[in-house]
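Here is what each chain is made of, one letter per residue.
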Amino acid sequence: MRKVIIVEGKQDTEFIKALAPTLEVKSIEIKELGGAGKSHLEKLQSPLQALKNDNAINPIEKIGILLDLDPKDFTVESRLAFVNESVEKVFGVKLLDTSVFQQVSDSSIQITCYFIKPNLDVLLRKIASKPSPSADCLYRCLETQANIGQKEKDKAWPLYYMRWDICDAKERRKGLENVSFKCTDTKEAWNLNALLLEDLKTFLSLF
Amino acid sequence: MDTCQTESRNNFQLQFIFDKDYQIPVIEDLAKFFDNEVITGNSKEIQESLGVIDETIEEIRTFASRPGLLYLRKKGDENYTSVNYFGDAIQKIIRYVVSILVLTKSDKKDKIILIDEIENGIHYTAQAEVWRMLIRLCKHYNIQLFATTHSLEMIKAFQQVCSEEEFSGMGGYFELGRLPNSQQIIAVKHDLETLEYELASGDTIRGE
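Line order of the protein sequences matches chains A and B. If you read the first sequence in this note's numbering, its first letter stands for residue 32, the second for the next number, and so on. If you read the second sequence in this note's numbering, its first letter stands for residue 169, the second for the next number, and so on.
Just so you know, the hints here were simulated from the structure itself, not pulled from any lab data. Keep in mind that the hints are not guaranteed to be accurate.
[As the list claims (entries may be wrong)] In silico SDA-like links for lysine to any residue, alpha-carbon gap of 25 Å or less:
(1) A/LYS184 / A/ASP152
(2) A/LYS62 / B/THR372
(3) A/LYS83 / B/ILE353
(4) B/LYS357 / B/THR317
(5) A/LYS93 / B/GLU364
(6) A/LYS74 / B/GLU364
(7) A/LYS57 / B/THR372
(8) A/LYS83 / B/GLY375
(9) A/LYS62 / B/PHE342
(10) A/LYS182 / A/PRO164
(11) B/LYS200 / B/SER233
(12) A/LYS125 / A/VAL135
(13) B/LYS212 / B/PHE231
(14) B/LYS357 / A/GLN141
(15) A/LYS41 / B/GLU361
(16) A/LYS148 / A/ALA112
(17) A/LYS93 / B/ALA368
(18) A/LYS74 / B/LEU320
(19) B/LYS324 / A/GLU63
(20) A/LYS83 / B/GLY340
(21) A/LYS184 / A/GLY206
(22) B/LYS357 / A/GLU119
(23) A/LYS93 / B/LEU344
(24) A/LYS57 / B/GLU376
(25) A/LYS83 / B/CYS330
(26) A/LYS232 / A/LEU127
(27) A/LYS74 / B/PHE335
(28) A/LYS213 / B/ASP371
(29) A/LYS62 / B/ALA355
(30) A/LYS182 / A/GLN42
Please work from the sequences and hints to get the whole structure.
In structure tokens, the structure reads:
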């Protein structure tokens with residue numbers, strides 16, 4: 032039976048595929064939401080409803096929801112409540128904790144969730160394995176700009192790091208191709224053995 | 169008509185339209201139907217119906233000197249043009265209109281029209297307009313329409329039209345598939361918001 036992990040975006044997909052190569056071996060499907068901030072509740076409900084529809088014809092065994100915690104907007108409890116608003120509406124069950132499967136009644140589906148703390152962008156900054164003078168310099172400059180939100184600053188660092196510290200000039204000219212987690216991971220730009228990734232790896236091993 | 173089957177059940181009247189290569193729209197039959205309507209004084213309804221589907225069409229008529237042909241005249245035009253020059257889509261639409269009008273003559277309370285493989289012969293750029301025309305007409309005559317298709321483009325056009333204000337709440341999408349164990353055919357309802365997500369994300373929605 033099928034196993035599905037729902038993530039926020041393309042970078043999350045590339046990241047968890049690199050972190051847990053067995054996901055591809057096990058043919059685990061990854062679905063992207065395209066954002067899951069506090070104003071994006073409907074973005075979670077539609078894919079869950081789509082999976083419920085699909086389950087009638089192609090049964091699903093496990094569904095995992097992997098989102099950033101984003102502490103500025105959520106606590107673990109309020110993020111769980113955010114997820115449950117969609118999960119309860121679609122499947123009629125409530126997730127009680129992260130990394131714990133909840134069985135959907137009258138169905139083969141078990142569902143769970145996990146929150147990346149504080150979010151993927153900060154996590155990537157923490158596991159960068161190469162020197163990052165350009166990204167750090169640009170980030171320091173951003174920090175002096177009061178009109179730019181913390182989330183945008185956090186998002187900028189991994190992009191600066193991949194573009195200016197990891198890719199060379201020739202690669203930068205084809206930025207769409209090369210400035211990505213997948214591409215920079217082949218250059219050992221990230222320490223995927225970092226201890227702070229263990230919890231997330233344990234979650235992924237549930238699938 | 170060769171391509172239509174009409175069936176009367178206890179509580180409802182059914183009209184079934186299906187397309188095969190050897191069953192292209194039979195305009196001669198439509199022309200005969202139209203002539204009968206003229207003779208019985210009911211042709212005004214056809215004129216009005218065409219107005220529902222395309223307000224630029226002002227008149228539809230036959231000519232004794234050209235039997236078996238239907239002619240349309242658009243607003244502002246002096247000349248009549250044979251429907252044969254309007255392409256498969258308009259001929260098909262006329263056939264749908266006639267089928268719907270045949271249904272309206274039934275005294276049954278519930279009227280249903282079934283169209284198999286609705287996308288056949290309709291260019292993808294005209295698909296949304298065909299849905300608009302059909303839904304308007306069925307709403308006008310209080311007829312329930314069921315259409316089948318394997319065409320992703322036709323489903324996209326349907327979703328697009330049903331999200332427009334005029335057609336809000338008027339359509340539903342059902343995916344037919346087989347239960348994995350018993351192979352029994354089931355219908356899974358997709359609400360239109362979820363269908364929009366499924367179409368955008370490339371999810372399977374055609375019983376795959």
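A quick look at each hint next to the structure:
1. A/LYS184 / A/ASP152: holds (9 Å)
2. A/LYS62 / B/THR372: Holds, at roughly 13 Å.
3. A/LYS83 / B/ILE353: holds (17 Å)
4. B/LYS357 / B/THR317: holds (15 Å)
5. A/LYS93 / B/GLU364: holds (24 Å)
6. A/LYS74 / B/GLU364: holds (11 Å)
7. A/LYS57 / B/THR372: Satisfied, since the Cα-Cα distance of roughly 20 Å is no more than 25 Å.
8. A/LYS83 / B/GLY375: holds (14 Å)
9. A/LYS62 / B/PHE342: Roughly 22 Å between the alpha carbons, so the hint for A/LYS62 and B/PHE342 holds.
10. A/LYS182 / A/PRO164: Since the Cα atoms of A/LYS182 and A/PRO164 sit roughly 21 Å apart, the hinted pair holds (cutoff 25 Å).
11. B/LYS200 / B/SER233: Holds. B/LYS200 to B/SER233 sits at ~14 Å (cutoff 25 Å).
12. A/LYS125 / A/VAL135: Cα-Cα ~9 Å, so holds.
13. B/LYS212 / B/PHE231: Given pair B/LYS212, B/PHE231 holds - Cα atoms ~17 Å apart, limit 25 Å.
14. B/LYS357 / A/GLN141: holds (22 Å)
15. A/LYS41 / B/GLU361: This hinted pair holds, its Cα atoms lying about 22 Å apart.
16. A/LYS148 / A/ALA112: Within the cut-off at roughly 16 Å; holds.
17. A/LYS93 / B/ALA368: Holds, at about 23 Å.
18. A/LYS74 / B/LEU320: Status holds; Cα separation ~22 Å.
19. B/LYS324 / A/GLU63: Status holds; Cα separation ~20 Å.
20. A/LYS83 / B/GLY340: holds (17 Å)
21. A/LYS184 / A/GLY206: holds (20 Å)
22. B/LYS357 / A/GLU119: holds (19 Å)
23. A/LYS93 / B/LEU344: holds (23 Å)
24. A/LYS57 / B/GLU376: holds (20 Å)
25. A/LYS83 / B/CYS330: Within the cut-off at roughly 22 Å; holds.
26. A/LYS232 / A/LEU127: Judged against 25 Å, a Cα distance of about 20 Å means the pair holds.
27. A/LYS74 / B/PHE335: Holds, because 24 Å separates the two Cα atoms, which is no more than 25 Å.
28. A/LYS213 / B/ASP371: With Cα atoms ~23 Å apart, A/LYS213 and B/ASP371 stay inside 25 Å; holds.
29. A/LYS62 / B/ALA355: holds (24 Å)
30. A/LYS182 / A/GLN42: Distance of about 16 Å is within 25 Å: holds.
Against the hints set out earlier in the document, no violation occurs for any number.
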